[in-house]
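K.L.:
Listed below are the residues making up each chain.
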Amino acid sequence: MKKVVSLCLLVASVQAFGDTSRKQAWDLHKRIAGVPPTPQVLNQMSSLIESKPGMEGLESAAAVAIENPNFYNVTLKAWAKTLTNTNDSNRVPLDDMSATIIGAIRDSDQPGKPFGRILHEDVLYTGSGVAMYSPANNTHYEQLENGGANLKNILVERKQSDIGSVSDSRGIAGILSSRAWASAYYSMGTNRRATFYLLKNFMCSEMDYIMDTNLPDIFVARDVTRSPGGDSSEYKSYCVGCHAAQDAMRPAWAYYDFDATTGQISYTQGQVVQKMNQAGDTFPDGWVTPDNNFRNLWGSMSVHMERLGFKPPFNGVGAADLGKQVARSSGFANCMTYEAFKKVCYRNPAASESEFISDVSQELESTGNMKEVYKKVAAHCVEDKYEE
Amino acid sequence: MKSNNNKAWSRRITSGVSAIAILLMFNQCVQEYEEVQEVEVAPIQMPNDSIHSVGDVGSGSNEEEADIVPEEEKETGATEVARTAASVGVQNFEQIDASFSALTGMSRFNNNNIRDAYNANFLGLPNNNSVKSFNAANTMAVFKLASTYCSELSNNMTARNNFYSGVLDLTRAPSQVLANSAQKQAFVDSMMSRLWGSGVEDGDPMNQARSELLLLVDELLADENMGSANTTRIVAVGICAAMLSSPQVIYL
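Residue numbers (this note's numbering), protein chains in the order written: chain P, 26 to 413; chain Y, 3 to 254.
This is chain P alone, in the form it adopts within the complex (with noise of 0.2 angstroms):
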């Protein structure tokens, strides 16, 4: 036992030695597929990084560890799959929100395929050799994973409005309208939780810390409120911070549903979802949504405004205006690398890092390419790690 102890604690220990560009290209590699490199890619991704010192070697070795399988199948699936529940859990199958995802990040360097476009365009990614996609299910997805199959190979580009995976083509909206997301966020409720997540999820920011109580609360609804526990300063002070504008966005939402006995999205085109104007006695004189119009408070008169980073026009349309607004914003670019850089970094960026990032995060949000935001973070924090 001794032995295999002190076996334990000289593995441990050895940090400071071998050859650093072999050393760097089995973390590099490991960061972003995974797993350990094969013999000939490890010798493939050293030789880069001699050859070229810096971030230059480190961003070509790192381009060819983007190439292997478990970056889609591995990486990005735990990623992309926290997003598709309420509890942000890794351990769900794979779906088509997860698997439009990984597709779209496979495809971003593709002229005319900025990732963001996940967020509103008619896409969705389908595989084969399996069940025949179902909008009512998710057997395809399911065997796919369990199969094994190779993602990153695999996945094809759909349009939705083919597929038929919303009834009325007039409600795609990316991911939006996939029946994960669907099930996950307008199953019953009030439509709310899909702005939360939509905010949470791509932009990085939790209801809690981006309430404004100066907003006006014109379009909190009738459901809300204005005197919680008979104290209407609790209103004021606290339940308007979140609901003046997450209500003003909630109307994108105003025709989707999840029918559970179908296991099918519900989009109703020209007609509001009761849900939307329930509980009408809490507040007779709150807001009625009256169609999928829907203003962006938070990006026109919000304190937070900046931090969001929205363009205008600050109103829309449904949840493809929605998502659009969205995956414009620097918010999105921001969150979205800074998600990469917890996955391949291990740990939150550090305040002599905001540069490097910022920089990510303009070149993504002009480009629109999330392979080139995991290559370049990947090959800092491994640059970072081994400087000294």
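Hint data in this document are derived by calculation from the structure and do not stem from the laboratory. Just so it is clear, CB atoms sit at the ideal spot from N, CA and C, and this is done for glycine as well. Incorrect hints may have been included.
Computed beta-carbon distance windows for the label pairs [stated by the list, open to error]:
| id | chain 1 | residue 1 | chain 2 | residue 2 | range |
| --- | --- | --- | --- | --- | --- |
| 1 | P | ILE188 | Y | GLN185 | 33 to 41 angstroms |
| 2 | P | GLN168 | Y | ASP220 | 35 to 43 angstroms |
| 3 | P | SER114 | Y | SER177 | 47 to 55 angstroms |
| 4 | Y | SER230 | P | GLU81 | 53 to 61 angstroms |
In silico DSSO-like links for lysine-lysine, alpha-carbon gap of 27 angstroms or less [as the list claims (entries may be wrong)]:
| id | chain 1 | residue 1 | chain 2 | residue 2 |
| --- | --- | --- | --- | --- |
| 5 | P | LYS368 | P | LYS349 |
| 6 | Y | LYS134 | P | LYS336 |
| 7 | P | LYS410 | P | LYS367 |
| 8 | P | LYS349 | P | LYS300 |
| 9 | P | LYS77 | P | LYS225 |
| 10 | P | LYS367 | P | LYS349 |
| 11 | P | LYS336 | P | LYS410 |
| 12 | Y | LYS146 | P | LYS225 |
| 13 | Y | LYS134 | P | LYS367 |
| 14 | P | LYS368 | P | LYS77 |
| 15 | Y | LYS134 | P | LYS410 |
| 16 | P | LYS177 | P | LYS349 |
With the Cβ distance kept under 8 angstroms, some of the chain P side facing chain Y (calculated, not the full set) [as the list claims (entries may be wrong)]:
| id | residue |
| --- | --- |
| 17 | ARG47 |
| 18 | TRP51 |
| 19 | CYS229 |
Given chain P, put chain Y in place with the hints provided.
P.N.:
Only chain Y this time, still in chain P's reference frame:
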């Protein structure tokens, strides 16, 4: 015969417990910074973005600016000390499985025993990449999965031939392939290269690690039938499982 089997199992269990000890000890080797001073992450300057250009950039104004770290996660914001300490991660459940698969050439997608072991230990495998949440239950699950991968590897002729080619001939008895220190050294070196990466780590600590692995080989061989190829397989599986579930593989 029965006595030999008992001994074999005894060795396997000893090997298993030893490997778990490796992980447990390493886990405790990780330095924790209990009182890391929280530092506000500096705002991100976006001089080319009119929306983010608040006042004179760099003037030291106190105006609120974009910050990439979400407010709710700022308590974990990295100081320079924590930045170094947190640069180590542990693989999550899928990364561990994928790594074992990549290294051994086996897969749960076409091997029922590995699939069953993965499913049985699914909840025990690490959930995320945080080394701080790595615990004893994780080490047990990791070792069980590693053992299954290595055991199935030794049972599958094609995979076995691929993996152990040039490393160790599992069809021959220890008296032929692990009879002297040179053979044992070659076996351990090849295994280190195969599972821990060739030329990735070296130096004195790795040499000492190599010595300890050699001693582990001797322990696995002690009191075993040196004329049986089965003993060779037992040694191979033991060394494979110990190395596969080691931090060199599962730590990021």
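K.L.:
Confirm or reject each hint.
P.N.:
Verification of the supplied hints:
1. ILE188(P) to GLN185(Y): 33 to 41 angstroms: violated (60 angstroms)
2. GLN168(P) to ASP220(Y): 35 to 43 angstroms: violated (48 angstroms)
3. SER114(P) to SER177(Y): 47 to 55 angstroms: Taking Cβ atoms as reference, SER114(P) and SER177(Y) lie about 52 angstroms apart, which means the hint holds.
4. SER230(Y) to GLU81(P): 53 to 61 angstroms: The hint (53 to 61 angstroms, Cβ to Cβ) holds, given that SER230(Y) and GLU81(P) are roughly 55 angstroms apart.
5. LYS368(P) to LYS349(P): holds (25 angstroms)
6. LYS134(Y) to LYS336(P): Not OK: LYS134(Y) and LYS336(P) at ~39 angstroms, beyond 27 angstroms, violated.
7. LYS410(P) to LYS367(P): holds (15 angstroms)
8. LYS349(P) to LYS300(P): Measuring from Cα to Cα gives roughly 25 angstroms; hence the hint holds.
9. LYS77(P) to LYS225(P): violated (39 angstroms)
10. LYS367(P) to LYS349(P): With a Cα-Cα distance of about 25 angstroms, the restraint between LYS367(P) and LYS349(P) holds, given a limit of 27 angstroms.
11. LYS336(P) to LYS410(P): violated (36 angstroms)
12. LYS146(Y) to LYS225(P): violated (37 angstroms)
13. LYS134(Y) to LYS367(P): holds (15 angstroms)
14. LYS368(P) to LYS77(P): At roughly 25 angstroms apart (the allowed maximum being 27 angstroms), LYS77(P) and LYS368(P) satisfy the hint.
15. LYS134(Y) to LYS410(P): holds (19 angstroms)
16. LYS177(P) to LYS349(P): With Cα atoms ~26 angstroms apart, LYS177(P) and LYS349(P) stay inside 27 angstroms; holds.
17. ARG47: holds (5 angstroms)
18. TRP51: Check passed: Cβ of TRP51(P) comes within 5 angstroms of chain Y, closer than 8 angstroms.
19. CYS229: holds (4 angstroms)
The structure does not agree with the numbered hints 1, 2, 6, 9, 11 and 12 stated previously, though it agrees with the rest.
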